[in-house]
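J.: Final position of the sequence shown in numbering that gives the first Met the number 0 is 275; the numbers increase by one with none missing.
Hints are not guaranteed to be accurate.
[Said to hold, decoys possible] 25 angstroms max Cα-Cα, derived DSS-like pairs, lysine-lysine:
no., residue 1, residue 2
1, Lys73, Lys133
2, Lys246, Lys207
3, Lys197, Lys207
4, Lys133, Lys197
5, Lys197, Lys28
6, Lys133, Lys69
7, Lys28, Lys69
[Unchecked claim] If you anchor each label on the Cβ, the simulated ranges turn out as follows:
no., residue 1, residue 2, range
8, Gly257, Asp160, 36 to 42 angstroms
9, Leu50, His266, 34 to 40 angstroms
10, Pro229, Asp190, 24 to 30 angstroms
11, Glu83, Ser9, 43 to 49 angstroms
12, Asn8, Gln141, 23 to 29 angstroms
13, Asp103, His37, 15 to 21 angstroms
14, Ala168, Glu195, 30 to 36 angstroms
15, Pro115, Gly11, 46 to 52 angstroms
16, Thr249, Glu195, 23 to 29 angstroms
17, Thr70, Arg269, 21 to 27 angstroms
18, His226, Glu83, 49 to 55 angstroms
Hints are computed from structural coordinates only; laboratory data are not their basis.
Because the structure is a prediction, the values reported are computed rather than measured.
Just so you know, even glycine gets a beta-carbon here, dropped at the ideal spot from N, CA and C.
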Amino acid sequence: MQVCSFIINSSGHETFGLVCEHGVIDAGKLLEYRDLKHLLESDGLSALQSLSTDVADYAFHEINFLPVIKTPNKILCVGMNYSEKRIEFGETNPAPTLFIRFADSLTAHLQPIQKPVSSEQFDYEGELAVVIGKPAHQVAEQEALDYVAGYSCFMDATVRDMQFTWFTAGKNWPATGGFGPWMTTCDEIPDPQQLELKTFLNGVQVQKDSTQNMVHSVAAIIAYVTHFTPLSPGDVIITGSPGGVGKSRTPQLFMFPGDDVAVEISHIGRLSHIIR
Numbered sequence: 000m001q002v003c004s005f006i007i008n009s010s011g012h013e014t015f016g017l018v019c020e021h022g023v024i025d026a027g028k029l030l031e032y033r034d035l036k037h038l039l040e041s042d043g044l045s046a047l048q049s050l051s052t053d054v055a056d057y058a059f060h061e062i063n064f065l066p067v068i069k070t071p072n073k074i075l076c077v078g079m080n081y082s083e084k085r086i087e088f089g090e091t092n093p094a095p096t097l098f099i100r101f102a103d104s105l106t107a108h109l110q111p112i113q114k115p116v117s118s119e120q121f122d123y124e125g126e127l128a129v130v131i132g133k134p135a136h137q138v139a140e141q142e143a144l145d146y147v148a149g150y151s152c153f154m155d156a157t158v159r160d161m162q163f164t165w166f167t168a169g170k171n172w173p174a175t176g177g178f179g180p181w182m183t184t185c186d187e188i189p190d191p192q193q194l195e196l197k198t199f200l201n202g203v204q205v206q207k208d209s210t211q212n213m214v215h216s217v218a219a220i221i222a223y224v225t226h227f228t229p230l231s232p233g234d235v236i237i238t239g240s241p242g243g244v245g246k247s248r249t250p251q252l253f254m255f256p257g258d259d260v261a262v263e264i265s266h267i268g269r270l271s272h273i274i275r
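Input sequences plus hints: build the corresponding full structure.
T.: Written out as structure tokens, the structure is:
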């Protein structure tokens, strides 16, 4: 299944539902859950299966997407997690590089990403997002994927001018974290290390890699993170960006208002934004 959060244009009502060929099925009007996070907290994902044969309630032009999970309790991000990226930045520390994002930095598919006026080094980083499906604490790596609800695309836009030894300062400007367009449930992606990830800037491919080249796998990241902090349904882990980011290029390549950036991941979809 592919599950999304969205706003109904005609009413302004926020809801969630299933993606189908011609639009979305409004699960919020049929199931007793406030939003997608509440559904995950209530172990209600299986209830969506019964709606899979319904016809679309809304065509895509009748909705505006929201971030897949609008207000995750925790958003943990992994840096330097692809071999090529580590080489580009001279990273040698074998431990996962972690930082955090705040929920108010998120934006949705087809909504603008906001370049800070003060930044001249606004970089793209396409990534795989993992959505946690049930409470997870001190989880063993071999069991870690059992705690995943699904996977999504993420544009981890980075204000390099503010990214010093503490990554968080360059990662939490408003509307700089694109999240969507939807979540593909884990039953359709049994092995998250077999996905192809591509990033495009103004239609030109600027990143391409396979998740099999992650230094730390999705399962290993979940085990590492839950060793020190509990995760809840709806929490999100951003798993790192491949090489090819703008800062490491010669000449450097950054994003400016009017640019079109997109992240495409096999078996999930394509997340698109205009830079504002």
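J.: Which earlier hints turn out false for this structure, listed by number in ascending order?
T.: 4, 5, 8, 9, 12, 15 and 18
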